[in-house]
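**Student:** Could you build the full structure based on these sequences and the hints that come with them?
Number of protein chains: 2
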Amino acid sequence: MGTKAQGTYAKGIERRRELLRIAAEVFAAEGFEGTTLKLVAERAGIKEATLFHYFSGKQDLLTAVLADRDEQNSAQHGGSVTSLADFPGIAEHNERHPGLTALFAVASATATRPDHAAHDYFRTRYSWLLGTVERDIAGAQARGEIRTDIAPEDAARLIVGVFDGIQLQWLYDPATSMPAALSSVLRLLAPQG
Amino acid sequence: MGTKAQGTYAKGIERRRELLRIAAEVFAAEGFEGTTLKLVAERAGIKEATLFHYFSGKQDLLTAVLADRDEQNSAQHGGSVTSLADFPGIAEHNERHPGLTALFAVASATATRPDHAAHDYFRTRYSWLLGTVERDIAGAQARGEIRTDIAPEDAARLIVGVFDGIQLQWLYDPATSMPAALSSVLRLLAPQG
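Just so you know, the protein sequences line up as chains A and B, in that order.
Here the first sequence stands for residues 1 to 193, numbered as in UniProt numbering.
Here the second sequence stands for residues 1 to 193, numbered as in UniProt numbering.
Chain B stretches covered by chain A per the calculated footprint, using a threshold of three residues with CB under 8 Å from any CB of chain A:
(1) 108-121
(2) 124-137
(3) 155-167
(4) 177-186
Just so you know, the hints here were simulated from the structure itself, not pulled from any lab data.
What you are looking at is a predicted structure, and each value in this text was computed from that prediction instead of being measured.
From the three backbone atoms N, C-alpha and C, an ideal C-beta is built for every residue, glycine too.
**Tutor:** See below:
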């Protein structure tokens, strides 16, 4: 690419990121059903047709917003979202972003239908997340930091399960502490005295 | 009530239950979005207008189906859904009813929006469920069956959290064992050797 093409490319990336930020705000405030591409385009000050240069439709836009949230979480934690000790911190971060957290909870549940556009995204994400946490657990067990009477795979399922399940409790009752629940499950997994 | 009125009343109850059974099947197969009152009425062999004698709309019908599922679960376990040892069995039951389980997972997430018709149903249900499990935990701790270095409230949040979270993992990957996850968390809560 020449310098001019590179500049155009970089500008496109930057523009896309800005659109994702705006879309995340709209999804968070209006929910998936209440969000329209028209509304996102209006907030971004562009025509709806222009939005289609970047995203093929509303479900594609949602998937892009969710993937971008993963990337940002990952960047915040030095490229790894899933060091075990980071979980309470991620939960704390999510408590400060209730709209996106609710969006994620609703999207991950509705996308369990195989015909949902975000189905493959979530299936792949769970498989990757569970595999990563499982490896972290196995390492922590080898270092004597996690009790060894539970299989790494089962422990990973519990941690990720508590993360998703406590989110729901928190959405119904904001007095719920998500970081405390994550800390509790990690404490139960500590080697027995 | 005279005998005739009683007969009519009993018939109405029976008819309502039958409609809930049919609606549950339609919701399970079509999802909330795909379900229409017209379709439910067709399957029941009645007019859509007749359905409105029993339910005020689709969200009311959904709430009634969910409440009926709770009642049936409760009846199966001698009137109490939440004896701790019952959780793996309830998860096993849910694995045999994937459609209703998916419906429940999606409905509990989408109803986190305060304007959703099932919001109050789920908020009340979580509050009741967490309170009941918390009391069960406290009793089990007093009997020396659950470790005492975790508050009953926190343990209740973990069990209910794992129940909801593992459901999602199972919906994306049917190789997931929900009963095994519930057994794992109960094992972690056992008194330390």
